[in-house]
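K.L.:
Chain by chain, the residues run as shown.
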Amino acid sequence: RKEVEQDPGPFNVPEGATVAFNCTYSNSASQSFFWYRQDCRKEPKLLMSVYSSGNEDGRFTAQLNRASQYISLLIRDSKLSDSATYLCVVNMTLTGGGNKLTFGTGTQLKVEL
Amino acid sequence: NAGVTQTPKFRILKIGQSMTLQCTQDMNHNYMYWYRQDPGMGLKLIYYSVGAGITDKGEVPNGYNVSRSTTEDFPLRLELAAPSQTSVYFCASTPEAGGDNEQFFGPGTRLTVL
Chain A
1 RKEVEQDPGP FNVPEGATVA FNCTYSNSAS QSFFWYRQDC RKEPKLLMSV
51 YSSGNEDGRF TAQLNRASQY ISLLIRDSKL SDSATYLCVV NMTLTGGGNK
101 LTFGTGTQLK VEL
Chain B
1001 NAGVTQTPKF RILKIGQSMT LQCTQDMNHN YMYWYRQDPG MGLKLIYYSV
1051 GAGITDKGEV PNGYNVSRST TEDFPLRLEL AAPSQTSVYF CASTPEAGGD
1101 NEQFFGPGTR LTVL
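Those sequence lines, one after another, are chains A and B. Take the first sequence: its position 63, counting from 1, is numbered 63 in the numbering used here, and each next residue is one higher. Take any residue in the second sequence, note its place counting from 1, add 1000, and you have its number in the numbering used here.
These are computed hints drawn from the structure, not numbers from a lab. Remember, predicted model here, so these are calculated numbers, not experimental data. Don't take each hint at face value.
Stated by the list, open to error - Straight-line distance between alpha carbons at most 27 Å, and here's what the computed BS3-like set of lysine-lysine pairs gives:
#1 B:Lys-1057 / A:Lys-2
#2 B:Lys-1014 / A:Lys-45
#3 B:Lys-1057 / A:Lys-110
#4 B:Lys-1057 / A:Lys-100
#5 B:Lys-1044 / A:Lys-110
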């Protein structure tokens, strides 16, 4: 079983649609959770952290369910500029210090006119 | 403040050649990381460093070496390039461990081994 699993997509949605991505992780000792965004041929960039209480940043809402080891991302009112690959990322602190980020393979979103 | 910079942007190597991928950050971050990303795959951790003079292996260290003589620089060395090392290499840094510390990524080096 992969450490972090995501549906690769692509999700093709019209502008203005609401779209949801899901992710599951296998290591229950994981400590923190993120969604990163990666544009084509670019580096990943942090979109938002994910908390059990749920958190919102404008049109983006993230949710964590530790019991089910499940993470979600909801994008409302999709824009063309939201087209990208969304990476589910799970963090653990390494024994010697530093963080180990485990990345899912990403879910590709294409927003169309 | 340039953030994390990587050179070169692109490189083609022949099997058996060696090269060093350069990574520099100007944010005074203690923690630095090297990842590789194969097509359609997630990023995999190659090596990491928690400070100058300290490095450790990640998930996929074979065929690579690193050094960390300064806080700013974290070069990745490929000694005997193999086709399996064809990938995009990302360097990242973060100020400290734990919590919600964002990892800042460089723009990547696209490496092809023929």
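K.L.:
Among the hints numbered above, which are violated by the structure, and what are their numbers in rising order?
P.N.:
Result: hints 2, 3 break, sorted rising.
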